[in-house]
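Take the given structure of chain S and dock chain U to it, following the hints.
So the chains spell out like this:
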Amino acid sequence: MSSRDNILSKIKQNQPELLPLPDLSVLGTEQYDLVQKFTEILEGIGGTVLQVSDFEEIKKFIVSNYPINARVISTLPEFSENKDWQIADPHTLKDADFLIIKGQFAVAENGAIWLTETEMGQRVAPFITQYLAIIIEKSAILPTMHQAYEQMGSAEYGFGVFLAGPSKTADIEQSLVLGAHGARGLVVFLV
Amino acid sequence: MSKNSKQLITHNSQLLSHSKAAEIFNKDFDRTTWHDETLYFVRQKRDKAAFQINDWELLRETASQIKNNVLSNMHDYLLQFEENALKNGIKTHWAKDAQEHNEIVFGIISDYYGGNIPKDTFKGMVKSKSMLTEECHMNEFLAEKGIEVIDTDLGERIVQLAEEPPSHIVMPCIHWKKEEIGELFHKHLGTEKGNKDPQYLTEAARQHLRDKFLTRPIALTGVNFAVAETGEFVVCTNEGNADMGAHLADVHIASMGFEKIIPQKKHLGVFLRLLARSATGQPITTYSSHFKKPRDGQQMHIVIVDNGRSTQLGREDFRNSLKCIRCAACFNTCPVYRRSGGHSYHSAVAGPIGSILAPNLDMRANADLPFASTLCGSCSNVCPVKIDIHQQLYKWRQVLVQEGYTPTSKTLAMKGMSTVLSNPGIFKFSGKVGRMLMDKLPFLVNNSLNPWYKQREMPEPPEESFRDWYKKNRKNKKYI
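Protein sequence lines, in the order shown, are assigned to chains S and U.
The numbering used here applies: residue 1186 is where the first sequence begins, and numbers increase by one.
The numbering used here applies: residue 19 is where the second sequence begins, and numbers increase by one.
Chain S extracted, bound-state conformation (with noise of 0.2 angstroms):
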């Protein structure tokens, strides 16, 4: 016998009688004013969040703070037409300066935004800039996790991202320091 009929026949052996999943509608009735509590969630962790009325406040932004020679990849055509970047060599993105994307649907409880490959570009992207900036429109934000599940509901994608702030570690004696091995800013305009 296999070691996969192995396992599963001495799991079925000894597993308990089925108990019932509970039921989880009664979660998540949280209230919130929800751009606020999205604001205060992700800014404690270390983002920044602008809201801003078009995307020319959002290239101006860019052009203020990032040096003109920064590379600048974006999934976004009123950012950049450059779309190679998304089917090249993924090592390729190692010298990404700055991304700029649009999320799905963010969370107010935790900060989190949902991405998926389609948002991203390609995968490595998110990660491996050094500094990501996410568009989020203000209605598309939800109170807890619950209600993102929910608006997920059963769309696919190969891989997608709950992404709740700047990459961090406390792993040196519990000092905060952002960006360990992901992006080290990270900055949500909220239109």
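These aren't lab readings, by the way, just hints derived from the structure by calculation.
Be aware that one or more of the hints could be misleading.
Unchecked claim - Computed footprint of chain S on chain U; a stretch qualifies when at least three of its residues, placed anywhere within it, have a C-beta under 8 angstroms from a C-beta of chain S: (1) 86 to 93; (2) 328 to 334.
As the list claims (entries may be wrong) - Examples of chain U residues lying across from chain S (beta carbon under 7 angstroms, computed): (3) LEU232; (4) LEU290; (5) ARG291; (6) ILE302; (7) THR304; (8) TYR305; (9) SER306; (10) ARG357.
Yeah, the Cβ is synthetic: ideal placement off N, Cα and C, and Gly gets one too.
Below, chain U alone, put in the same frame as chain S:
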């Protein structure tokens, strides 16, 4: 770093019992206090995060019930997961034990190179945190085959450079001071001598590991949750190391204990709300990555490991330990863990949960661990999936005594105690002798040969026993 931890290079090789190792750890009083306070600070952050959620207790109860359902339907969920993962293009493998897990991983690497593994340094693997590979001693196994495993979580890289195992499952180098990390990095990564700034040291590690991510073709990650309904798995990190490894590598291997399965995707909502808040007091980890299909041209493998778990599933008193989501809240709150350090547990998973998991793997080698507890119950109170940890510790003690795995000194002491307590004459006599000795010859009791005297003062002996007092006062009818 304390010299003693060098003796504990690999887990599960018990060189010292928990109490002996803890005694050595406690020799540096200030350091022990620092360790204690650091962990309690994390426990307090957990409380603060938990109190912000109105339904926190309901969430814990719900998570517990989901996990109870998982244990009761494990067989079908695993089959469902396998079927869906295969549909998604993920290759599944099953390992009955640590050895088979390691051989499967080696086999995948060997196949990638067409059976001809090159002899240069770039054949190696980047690994993000996986306690299962610690449990299986995978790094050592692959090193013997000439494959270098680079741990990429900062804390794990630190202990790896120091040739030590992690001392905590969430914060692997919680026992290290920044001066020591500065020294270690100076030696291995060429940082400035004497620089102990966490920002500077983290940046050095970022550069050092970025080079590894960009050059290693194989990435291994752990698994936090595997969803039966969809065949996807979720990996949680703050640093982004799992993603940097997996999305750059040609081959992604994910290793999971079979208990990581959950029924449906919507259940992730419950667990992701609990995990980081319980672990570090964060609202969620920076990255909760959902791996469903390999990217174009990439291989994705999942190794489902038993290694004693199916036996534990059959032990009614102990099966609940398989509900664990590895948040380590029980470590951070445990007064014994905080003042004895993770290495004292000589097991990949230390702390209270480790002490109920380890005896299942090897009763003899881990017979000391269920005794490394005050049974105060704080662990059970913070557990996000409501495992009755302290009750299981108590039950393990009974099993270990019955099976004859306790030290002779303890067995003899207990037998002696039983004779005294079941015989009123001897009880009366020994009480008298005890009071007399503690009064007239206290050094006979208060000496280093008496383990109860360690870090404790013995109480003042009472002038008379309750029995004598009762006899006297009953005669006087004063209180009756």
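Each hint, compared with the structure:
For the segment 86 to 93 of chain U, the stated coverage by chain S holds: 7 residues have a C-beta nearer than 8 angstroms to a C-beta of that chain, and at least 3 were required. For the segment 328 to 334 of chain U, the stated coverage by chain S is satisfied: 5 residues place a CB nearer than 8 angstroms to a CB of that chain, which reaches the threshold of 3. Taking 7 angstroms as the C-beta cut-off, the interface hint given for U/LEU232 holds, the closest approach to chain S being about 6 angstroms. Hint status for U/LEU290 relative to chain S: holds, with the closest Cβ pair at about 6 angstroms, below 7 angstroms.
Annotation: interface hint on U/ARG291 holds; nearest CB of chain S at approximately 5 angstroms, less than 7 angstroms. This hint holds: U/ILE302 has a C-beta 4 angstroms from the nearest C-beta of chain S, less than the 7 angstroms allowed. Interface restraint check for U/THR304: the shortest CB-CB distance to chain S comes to about 5 angstroms, inside 7 angstroms, so the restraint holds. For U/TYR305, the suggested interface contact is upheld, since its CB lies about 6 angstroms from the closest CB of chain S, less than 7 angstroms.
Taken as an interface hint, U/SER306 checks out: its beta carbon lies about 4 angstroms from the nearest beta carbon of chain S, inside 7 angstroms. Contact between U/ARG357 and chain S, as hinted, is not supported at the beta carbon level, the nearest pair being about 18 angstroms apart and thus beyond 7 angstroms.
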